[in-house]
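Engineer: Protein chains in written order, with this note's numbering: chain A, 1 to 196; chain B, 1 to 321.
FYI, nobody ran anything at the bench for these hints, they're computed from the structure.
Glycine residues also receive a C-beta, built at the ideal position from the N, C-alpha and C atoms.
If a hint is listed, it holds; no wrong ones were tucked in.
Have a look at the derived ranges for each label pair, beta carbon to beta carbon:
1. A:Asn91 to B:Asp173: 33 to 39 Å
2. A:His73 to B:Ile281: 56 to 62 Å
3. A:Gly13 to B:Gln162: 46 to 52 Å
Each chain is listed here by its residues.
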Amino acid sequence: MTAKTIISRPVYGTLSPQPGKHHLFIADAEGALAITDMAGKAPPGFFDGAEIVFIPGGKHIAALEALKPMQLHIAPSFASLLPRLKQMLTNAHMGLRLYLAGTEGLIGQAMQVALEAGIDHTSIETEHRGSLARRMQCVHCKGITENVTTQPATCSHCGLLLLVRDHYSRRLAAFQGVCINAEDRSESPPIEEAFP
Amino acid sequence: MSTGTTKLDVVVSDVVPVNDLVTRFHFRRRDGELLPTFSGGAHVVVEMRDGDRTRLNPYSLMGSPLDTREYTISIRRDDVGRGGSLFMHRQVKPGLEMVISYPVNLFSLDLRAKKHLMLAGGIGITPFMAQTSQLAAAGGNFELHYTCRTASLGTYADVLQQRYGNRVRLYHDDREERIDLERLLSSQPLGTHLYVCGPAGMINWVRDRAASLGWPPETVHFEHFAAPQPGAPFDVTLAVSDKTIRVGEQQSLLEAIEAAGVDPPYLCRGGVCGQCETNVISFDGKFIHNDHWLSEEDHRSGCKIMPCVSRFEGKSLVLER
Numbered sequence: 001m002t003a004k005t006i007i008s009r010p011v012y013g014t015l016s017p018q019p020g021k022h023h024l025f026i027a028d029a030e031g032a033l034a035i036t037d038m039a040g041k042a043p044p045g046f047f048d049g050a051e052i053v054f055i056p057g058g059k060h061i062a063a064l065e066a067l068k069p070m071q072l073h074i075a076p077s078f079a080s081l082l083p084r085l086k087q088m089l090t091n092a093h094m095g096l097r098l099y100l101a102g103t104e105g106l107i108g109q110a111m112q113v114a115l116e117a118g119i120d121h122t123s124i125e126t127e128h129r130g131s132l133a134r135r136m137q138c139v140h141c142k143g144i145t146e147n148v149t150t151q152p153a154t155c156s157h158c159g160l161l162l163l164v165r166d167h168y169s170r171r172l173a174a175f176q177g178v179c180i181n182a183e184d185r186s187e188s189p190p191i192e193e194a195f196p
Numbered sequence: 001m002s003t004g005t006t007k008l009d010v011v012v013s014d015v016v017p018v019n020d021l022v023t024r025f026h027f028r029r030r031d032g033e034l035l036p037t038f039s040g041g042a043h044v045v046v047e048m049r050d051g052d053r054t055r056l057n058p059y060s061l062m063g064s065p066l067d068t069r070e071y072t073i074s075i076r077r078d079d080v081g082r083g084g085s086l087f088m089h090r091q092v093k094p095g096l097e098m099v100i101s102y103p104v105n106l107f108s109l110d111l112r113a114k115k116h117l118m119l120a121g122g123i124g125i126t127p128f129m130a131q132t133s134q135l136a137a138a139g140g141n142f143e144l145h146y147t148c149r150t151a152s153l154g155t156y157a158d159v160l161q162q163r164y165g166n167r168v169r170l171y172h173d174d175r176e177e178r179i180d181l182e183r184l185l186s187s188q189p190l191g192t193h194l195y196v197c198g199p200a201g202m203i204n205w206v207r208d209r210a211a212s213l214g215w216p217p218e219t220v221h222f223e224h225f226a227a228p229q230p231g232a233p234f235d236v237t238l239a240v241s242d243k244t245i246r247v248g249e250q251q252s253l254l255e256a257i258e259a260a261g262v263d264p265p266y267l268c269r270g271g272v273c274g275q276c277e278t279n280v281i282s283f284d285g286k287f288i289h290n291d292h293w294l295s296e297e298d299h300r301s302g303c304k305i306m307p308c309v310s311r312f313e314g315k316s317l318v319l320e321r
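All chains, full assembly: derive it from the sequences and hints.
Structural biologist: Okay, here's the thing in structure tokens:
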């Protein structure tokens with residue numbers, strides 16, 4: 001569970017079945033377990049109208065197959081999934097419900113696409129599972145660094161040493177990283193594993 | 001006093017009968033200046049000074065938000081109501097000086113929507129007159145489904161069809177025309193927001209169907225001003241002001257509190273906005289809740305009442321007011 005520190009820091013819930021005509025699940029790695037846990041609470045036939053898109057990590061595919069969803073699509077990465085997801089949401093109708101489970105990076109990026117498609121963020125079911133690794137935007141060069149696990153962290157674009165803030169942008173699907181030694185670049189605070 | 005609603009001194013600039021039941025009223029500022037900006041869905045509270053009695057009723061602004069030289073409202077005559085609409089229809093003539101509140105919007109468009117789906121029933125068409133003007137001017141994507149009893153009582157149906165063509169769909173009760181709600185709600189593109197204004201039964205029907213078809217609550221907007229219902233007189237003790245008052249048969253609890261010189265906050269006077277929510281200290285009897293603000297749990301608890309539209313029957317009622 002993530003604690004709310006400042007108002008923009010996302011807080012995730014526990015997936016629960018919503019009324020709807022179609023159900024779209026997007027999950028990565030241990031996010032699959034959020035779906036299988038939710039399945040116990042779902043009404044009979046719920047997965048007949050459900051599509052699951054899964055980015056593997058670990059060995060959860062068989063457990064998702066066992067839910068017998070209408071469709072199960074395995075994608076190697078979020079980037080590879082993006083065109084399909086955009087297409088699906090463009091053609092979708094009201095009555096589609098979205099469920100996001102897994103890492104914060106996945107939830108944030110899928111939500112970013114959903115917001116553009118006109119889904120309110122409060123209408124999306126989310127559950128955080130697995131790594132706490134963050135997607136971070138360097139506020140100086142604007143480059144995005146994926147899978148940040150340390151505090152501070154080095155920007156993979158401009159090389160500045162950044163304090164990873166809890167300040168989160170839903171529009172960018174990223175936490176904000178601010179130079180930690182702007183006054184004296186020779187200062188090098190200890191780097192700790194903060195987001196395992 | 002009304003929270004956030006400063007008063008506007010206006011003069012009735014025109015009174016236009018629209019059909020057998022509906023009349024339109026135009027207001028301009030007495031000082032000749034422009035009226036305050038508003039957005040589609042906003043309402044004003046009109047003060048009706050009828051002898052020694054003052055009624056305050058909310059009405060949706062129906063003119064274009066792009067034109068603030070005048071405000072227009074349309075009022076359906078209610079022959080069995082508490083007399084507000086009859087006063088407007090019979091007593092209000094061009095040139096009469098009146099006082100109205102600043103506009104307040106409790107039924108605004110969500111401009112993030114990809115599409116706006118509007119459902120109107122009867123006189124519930126008025127907020128959509130303003131909202132469609134606002135959207136049309138900005139190239140917004142909307143569709144209006146309007147149910148009326150008969151073609152001759154389809155207030156502004158002709159105007160709307162002329163303005164927006166096949167973006168407006170009419171349903172006439174006397175021709176057995178019904179909205180195929182299931183199909184309509186199931187065929188809307190993702191990102192559509194739903195707006196419904198009309199009789200309470202219609203609003204409940206649309207909200208229930210939308211919820212069961214998977215429309216998230218954030219996408220469903222509705223407005224229904226409950227008119228205060230007349231009822232048996234009852235006595236109330238206002239604990240904070242240390243007063244005991246009697247609520248008359250044709251009076252609302254809020255009006256009775258105001259008549260006693262106590263100034264509670266209010267905004268819509270129609271059981272929608274929540275401003276006049278009042279705590280109950282003790283009671284012996286039965287509440288008649290008519291609002292859309294409190295939860296069912298609040299209604300059952302006996303701890304709260306909305307004095308603008310709700311009443312009480314019984315031995316005693318003490319309010320924290």
